[in-house]
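Novice: Sequence:
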Amino acid sequence: MSVKIEVVSVEIPEGCNVVFGVSHFIKTVEDIYEAVVNTVPGAKFGLAFMEASGECLVRHEGTDPELRKHAAETMLKIGC
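For what it's worth, the numbering used here labels the leading residue of the sequence shown as 61, then goes sequentially.
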């Protein structure tokens, strides 16, 4: 088995914070979404998660369409 490490440039929009994490649970996006909206009412965010197997689909959620789109596009750049 070999490991390939690749550096991916990630653009962070002005005034935003970024959190990266790893999970194997497909419901992760929904769980994080619920945690944020229930803890910080009115929070403006986007989040994305890429499945680790199969088609490696990107699941995304959020309260702001632009941040949600940015999160999904960034996840596609990072890859599976």
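Calculated from the structure, these hints are not laboratory results. It is possible that part of the hints are untrue.
Straight-line C-alpha distance at most 25 Å; calculated SDA-like pairs for lysine to any residue [what the hints assert, rightly or not]: (1) 64 x 111; (2) 87 x 62; (3) 87 x 129; (4) 137 x 119; (5) 64 x 117; (6) 129 x 66; (7) 129 x 101; (8) 87 x 136; (9) 129 x 84; (10) 137 x 62; (11) 64 x 116; (12) 129 x 118; (13) 129 x 103.
Across the chosen pairs, the derived CB separations fall in these ranges [claimed, not checked]: (14) 103 x 133: 19 to 25 Å; (15) 97 x 70: 22 to 28 Å; (16) 77 x 98: 17 to 23 Å; (17) 72 x 116: 31 to 37 Å; (18) 90 x 114: 16 to 22 Å; (19) 133 x 64: 44 to 50 Å; (20) 101 x 67: 19 to 25 Å.
Glycine included, each C-beta is placed from N, C-alpha and C at the ideal position.
Novice: If a hint holds in the structure, say so; if it does not, say that too.
Specialist: Here is how each hint holds up against the structure:
| no. | hint | verdict |
| --- | --- | --- |
| 1 | 64 x 111 | holds, 19 Å |
| 2 | 87 x 62 | violated, 29 Å |
| 3 | 87 x 129 | holds, 19 Å |
| 4 | 137 x 119 | holds, 14 Å |
| 5 | 64 x 117 | holds, 21 Å |
| 6 | 129 x 66 | holds, 23 Å |
| 7 | 129 x 101 | holds, 21 Å |
| 8 | 87 x 136 | holds, 18 Å |
| 9 | 129 x 84 | holds, 22 Å |
| 10 | 137 x 62 | holds, 21 Å |
| 11 | 64 x 116 | holds, 18 Å |
| 12 | 129 x 118 | holds, 11 Å |
| 13 | 129 x 103 | holds, 16 Å |
| 14 | 103 x 133: 19 to 25 Å | holds, 20 Å |
| 15 | 97 x 70: 22 to 28 Å | holds, 24 Å |
| 16 | 77 x 98: 17 to 23 Å | holds, 18 Å |
| 17 | 72 x 116: 31 to 37 Å | violated, 23 Å |
| 18 | 90 x 114: 16 to 22 Å | holds, 18 Å |
| 19 | 133 x 64: 44 to 50 Å | violated, 22 Å |
| 20 | 101 x 67: 19 to 25 Å | violated, 37 Å |
Violated hints for the displayed structure, listed by number in ascending order: 2, 17, 19, 20.
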